[in-house]
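What follows is each chain in one-letter form.
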Amino acid sequence: DAKTTQPTSMDCAEGRAANLPCNHSTISGNEYVYWYRQIHSQGPQYIIHGLKNNETNEMASLIITEDRKSSTLILPHATLRDTAVYYCIVRGGGGSNYKLTFGKGTLLTVNP
Amino acid sequence: NAGVTQTPKFRILKIGQSMTLQCAQDMNHNYMYWYRQDPGMGLKLIYYSVGAGITDKGEVPNGYNVSRSTTEDFPLRLELAAPSQTSVYFCASIEAGGLGEQYFGPGTRLTVT
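Those protein sequences? They're chains A and B, same order as listed. If you read the first sequence in the working numbering, its first letter stands for residue 1, the second for the next number, and so on. If you read the second sequence in the working numbering, its first letter stands for residue 1001, the second for the next number, and so on.
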């Protein structure tokens, strides 16, 4: 699976959009981009995933660049409860064992 | 659905003791995983299973054993506990062929002293 690079930490004001970047320059054609988050010491929580098109769900939006070498997770109206470590993970598609490789992620702190 | 459940939530072991961390899921998922997370670090894969009777090693399998006799259960065994195994352990599952969400349990916090 391709390696990802994320900033160690970011701050965001409550109510504003949080934009979390991720670089994955060695991603291959059948690899998906996944985002998970981990609040305090809880189990990681799935947020969203995509292959090459932008995706949106009730939690967030995922913007993937045309060359697929980077992506941005957008939390449109961050709240204090969004303070967490956010992991960007690249994972193979069909035929793989679906395991996730976690880096250190980005600690997002939402400030009042 | 209860999702992925883990027991116990907390445990303190003495060096050399053994224990089994329990994991169960009620979503009929074929794929199950065990991860460990050391302070300030990301999760590392210990073992995984793609179905009943089939298990395989992940990144950090030494000191652990697993079995998968049913689809629902995936216990993790520590035979001779060492301080290096102090960590938080997470179990997870995903349906076969699933490209979506991997479901995680709440974790077991283990301290070996």
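A hint or two may mislead.
The list that follows gives simulated cross-link-like pairs (lysine-lysine, DSBU-like), each with its CA atoms no further than 35 Å apart [what the hints assert, rightly or not]:
no.: 1; chain 1: B; residue 1: LYS1044; chain 2: A; residue 2: LYS104
no.: 2; chain 1: B; residue 1: LYS1057; chain 2: A; residue 2: LYS52
no.: 3; chain 1: A; residue 1: LYS52; chain 2: B; residue 2: LYS1014
no.: 4; chain 1: B; residue 1: LYS1057; chain 2: A; residue 2: LYS3
Partial list, derived from the structure: chain B residues whose beta carbon lies under 7 Å from chain A [claimed, not checked]:
no.: 5; residue: PHE1010
no.: 6; residue: TYR1031
no.: 7; residue: ASP1038
no.: 8; residue: GLY1042
no.: 9; residue: LEU1043
no.: 10; residue: LEU1045
no.: 11; residue: TYR1048
no.: 12; residue: PRO1061
no.: 13; residue: TYR1064
no.: 14; residue: ILE1094
no.: 15; residue: PRO1106
no.: 16; residue: GLY1107
Derived by calculation from the structure, the hints in this document are not laboratory data. All C-beta atoms, glycine included, are put in the ideal place defined by N, C-alpha and C.
Any of the earlier hints contradicted here, and which numbers? 3, 5, 7, 12 and 13
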